[in-house]
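Residue numbers (this note's numbering), protein chains in the order written: chain L, 1 to 66; chain G, 67 to 132; chain C, 133 to 198; chain Z, 199 to 264; chain W, 265 to 523; chain R, 524 to 782; chain X, 783 to 1041; chain E, 1042 to 1300.
If a hint is listed, it holds; no wrong ones were tucked in.
Only some residues are given here: those of chain R computed to face chain X with a beta carbon under 8 Å:
1. Tyr694
2. Arg697
3. Ile698
4. Leu769
If you anchor each label on the Cβ, the simulated ranges turn out as follows:
5. X:Glu910 with E:Leu1295: 23 to 29 Å
6. W:Glu372 with E:Pro1211: 36 to 42 Å
7. E:Pro1211 with W:Pro507: 16 to 22 Å
Read the hints as simulated data drawn from the structure, not as lab findings. Treat the numbers as computed from the prediction; the structure is a model and nothing was measured. Glycine included, each C-beta is placed from N, C-alpha and C at the ideal position.
Each chain, letter by letter, is given below.
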Amino acid sequence: MRVTLNGEAHDLREGITVSDLLAELGLVQRRIAVELNRAILPREDYPQRALRDGDVVEIVHFIGGG
Amino acid sequence: MRVTLNGEAHDLREGITVSDLLAELGLVQRRIAVELNRAILPREDYPQRALRDGDVVEIVHFIGGG
Amino acid sequence: MRVTLNGEAHDLREGITVSDLLAELGLVQRRIAVELNRAILPREDYPQRALRDGDVVEIVHFIGGG
Amino acid sequence: MRVTLNGEAHDLREGITVSDLLAELGLVQRRIAVELNRAILPREDYPQRALRDGDVVEIVHFIGGG
Amino acid sequence: MSEADIFELAGKPYRSRLIVGTGKYRDFSQTAAAIEKSGAEIVTVAVRRVNITDPGKENLLDFLDLSRITILPNTAGCYTASEAIRTARLARDAGIGALVKLEVIGDEKTLFPDVPATIEAARVLVEEGFLVLPYVNDDPVTCKRLEDIGCAAVMPLAAPIGSGLGIRNPYNIRIIVEQSRVPVIVDAGVGTASDVTQAMELGCDAVLLNTAIAGAKDPLLMAEAMRLGVEAGRKAFLAGRIPRKLYATASSPLDGVLQ
Amino acid sequence: MSEADIFELAGKPYRSRLIVGTGKYRDFSQTAAAIEKSGAEIVTVAVRRVNITDPGKENLLDFLDLSRITILPNTAGCYTASEAIRTARLARDAGIGALVKLEVIGDEKTLFPDVPATIEAARVLVEEGFLVLPYVNDDPVTCKRLEDIGCAAVMPLAAPIGSGLGIRNPYNIRIIVEQSRVPVIVDAGVGTASDVTQAMELGCDAVLLNTAIAGAKDPLLMAEAMRLGVEAGRKAFLAGRIPRKLYATASSPLDGVLQ
Amino acid sequence: MSEADIFELAGKPYRSRLIVGTGKYRDFSQTAAAIEKSGAEIVTVAVRRVNITDPGKENLLDFLDLSRITILPNTAGCYTASEAIRTARLARDAGIGALVKLEVIGDEKTLFPDVPATIEAARVLVEEGFLVLPYVNDDPVTCKRLEDIGCAAVMPLAAPIGSGLGIRNPYNIRIIVEQSRVPVIVDAGVGTASDVTQAMELGCDAVLLNTAIAGAKDPLLMAEAMRLGVEAGRKAFLAGRIPRKLYATASSPLDGVLQ
Amino acid sequence: MSEADIFELAGKPYRSRLIVGTGKYRDFSQTAAAIEKSGAEIVTVAVRRVNITDPGKENLLDFLDLSRITILPNTAGCYTASEAIRTARLARDAGIGALVKLEVIGDEKTLFPDVPATIEAARVLVEEGFLVLPYVNDDPVTCKRLEDIGCAAVMPLAAPIGSGLGIRNPYNIRIIVEQSRVPVIVDAGVGTASDVTQAMELGCDAVLLNTAIAGAKDPLLMAEAMRLGVEAGRKAFLAGRIPRKLYATASSPLDGVLQ
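Chain L with its partners taken away, still in its complex shape (with noise of 0.2 Å):
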């Protein structure tokens, strides 16, 4: 299953979750953000929401900025 993170395809196994996904990129505990095509990806649908072929994925965060 191809699904773009962050601009890049990327091949993730089917039925993985959102959650799954942080977890096995060590975020789980970070500020971060999620983005499900477009549109913001609330903090309670992490665990259920399982990603699709061809979603489309951005993962922010906080970094140095003025």
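Mind docking chains G, C, Z, W, R, X and E on chain L? Use the hints.
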């Protein structure tokens, strides 16, 4: 017949044309422009266009400005 | 005996010393300086130096300034 | 005979006058001034004043300046 | 040089780089005299209602040599895009051409422009074939936008209209000059001759002013001063000034100094 | 007006209020051309030793129309009163008059004057009948002293010689103008036309410069710019500028705006 | 006084009037140290994609004491209203509150704002309940518009971001201060301590900066300087400065001077 | 840092770089309170005749902690070298040390110094063992001369005494700082905190002021502002400011911006 001329009500005789009005006001030779009911009135229409009761007429010219 | 004190003529008793004068003016403890006839009068001379007719004395202190 | 001309030693023939010198230097028509041993030498003295050994002569003119 | 140095605005060549307003003068003859002394070839006017009860005999335009002078009507006093558009259309219909000084005022204390409304009105008027000269603040981004829309020039303000403060922010004016492919005309806020000289030295193509002349103690003399100031600044810009240095450099040579 | 507006210096009337130097030009013909474009009637020169080994054919003065131009020799390069006095005497003996631009330099990096030495030299030269124009810093007290000694003018610097920084302290120049009964000539530091315009607007009687013209990319064009800039500033000063205000004042009337 | 002098922003009280950015530091520990020296209680951050291939262990927020510091996410790098809105929504969803520094850039050379797009984005974000702090140019009209829309403050720029030019146009900043009923925060362009002191003396409520500290040779020392500069300017503003005069007034009395 | 950053004057170390006057206060207790708030360790006073007919009970010095504060008597009001020398001798004889702020005034409207008389008095007083701090105009040449004579510092003015105009000519102050091997103290003309911050950023070693505090609406608050302003400027100078640029540089990185 009441016509609004430059923001003030004026009683004008029935059937007076814009040309007649400009003549009475001594504005024939002046560089002016006429707006009738919020739309520019082309010069060529001045002779035939008779004013009607309720018409709103604006006659403008150029004055000192920066 | 007439002595000029800070620009004004004063009548002083014969034989008065600078120390006496300062005492009478209540300036003993003050941080001041004394000029006698245009020359600094050293502190140690205050007791013995008796004023003479025509002496010009300046007594200065510190005030607010920038 | 050695004469210091504008800071440099020059050997000049005995008895040469200032006028002679200026002529040899092609400065006759020029707007110049001559200082002899630190004093201005008046124009009228140029013909008669013969230079002597050890004289210090300054000849100046005008150049571009601000 | 001045022969060669033509100021082209909206496809028309001009020798003068000073544009003057016609407001605030004692009378029309003083207005005409000041324009003549200023050497201006472009003159701004306002569009206003004729006084119906007393149209008056005298008229500003009768005092101007229209064979020599280009009339630039403004939309002064307009606070919305639609008012400005309406005023511009009337001005053009009066038959003195398609040039318009677009002003959409945003605030009556500063008389600074309403940027979005100015952009909106400019877009409409350019589409209608007007040659739009927008009055705008010294914002490079807005100036670029107006140029892209198709304005014939951009006219950033030096300072608030009539304030006489001169060029408050030469840095922004300089940036606008560097980025623009249409003429840059400093408009408003000029107070005296050195302000216009500075504007031209920054590389501006022209200066537009009114109060600085009309409000001077001797308007005709100030008109002359402004004409000369614009020429001085233009020539200085073209001549290429010396660089600034903290320390000195002698102008007289040191060789040959008496010892 | 310009007919009436005469600049009188040391008892002689001039139409031009721009005094230019003759240093740093490519050659004498460029010098002469720049002077002509500048309209200057007073021109500064330096006094230097003739090159004995090669006196040369060409001479600066041969390129100047001395019937029209007043020569102002300077004492540039002198670091003591006595050197300056000696140089002034030689200059006068060369037969171009009693005018002298007195410079006694105090430091070679800034070329700022040595104030006590300048005062001392001025006193001697005035007594000897010279018409002394002292180069001095923008210090009102020193300027007053030099005026009281009998100098024909005071010439405060705008900025270090050749720095092109313009009028670093308009406040001091303004004070000097208000207090002086002899002409005030801004000397040194000018960089471009707006600097001279500003100097004249401050009420100065004239401006003296050299590097700003000679060092420009196009000296002849800058010479013209400087001439115009001086005239612009002078006229603006006489015309009486509008006051500065923080907020705006409309130049177009509000009556008769469309509703 | 400083006890009493609270800076209230978006309903929350702060003691510090200095807001600092977190960009351009050597590492996170230097960032944290600089923030601490600056005394800032509000800190800006940028919103960016996590690096998927290497999410990294260290995270900026781990270095900040969030019990004491308010995080202000910016929309830096956004060139359209929609990009800025999208970025703001993500920032809020990350759970650090509804504050956002709204930046809609109009040009990459000046990084000046796109005024219409900034107004449009501000309107949407205010409706969505954001506490919007818009970065804007020093235009009183646009600032008023943003205030009317419901922004929690207005943040006019002093000069281009990172330019270090200081307050290019104090007149406009002054006008914005006089007209505003929400806090005025000078944002961008500050170069050194006297710039922030001047901003506060003009009556601004706070200053936001980043490069001036992060880019200094010694960032921690400059952070301290900025903290002190803001306090100095604030107190000077409240203390009421003496008027400016052209001439002098003695500070020592004349009575009793020796004769 | 501030621990390490000691200001050494005439061989004595100080932590504070702000020197304040004691003139123009409501009363002695306000004077003392302002000094305390300012953190000053050096305080200027004037030398005047005791009022013989009413010597008065209160005395300024009784209000100052002389164990902590160094008294710096001035020669304010003196118009000749001899008056200043006489005043300095009296001051020293009063037993508060050999420091003296040398003022020889040249003009009562500007209160600018008489340069030759100041140099002459400095020479005499240095020979007599005084630690001379001369008030002088912002002239690098005169400052160098005074340093060579042996003055313990040079104190160029920022602007006329009490004018509040701030540093009129930062270029001259900068040059004086670069050339001097003794401390440079900006004296007179400061109006508000940003003026002192700027003075310190130029590299001056200290600032001396009086009216700016005593004349403020709230002198104690302004005293604090001045203390902070001096510290801010000093730290900014040591921290090394960012360079000035005409265009912008982003403070937030561009990588990872949402597409």
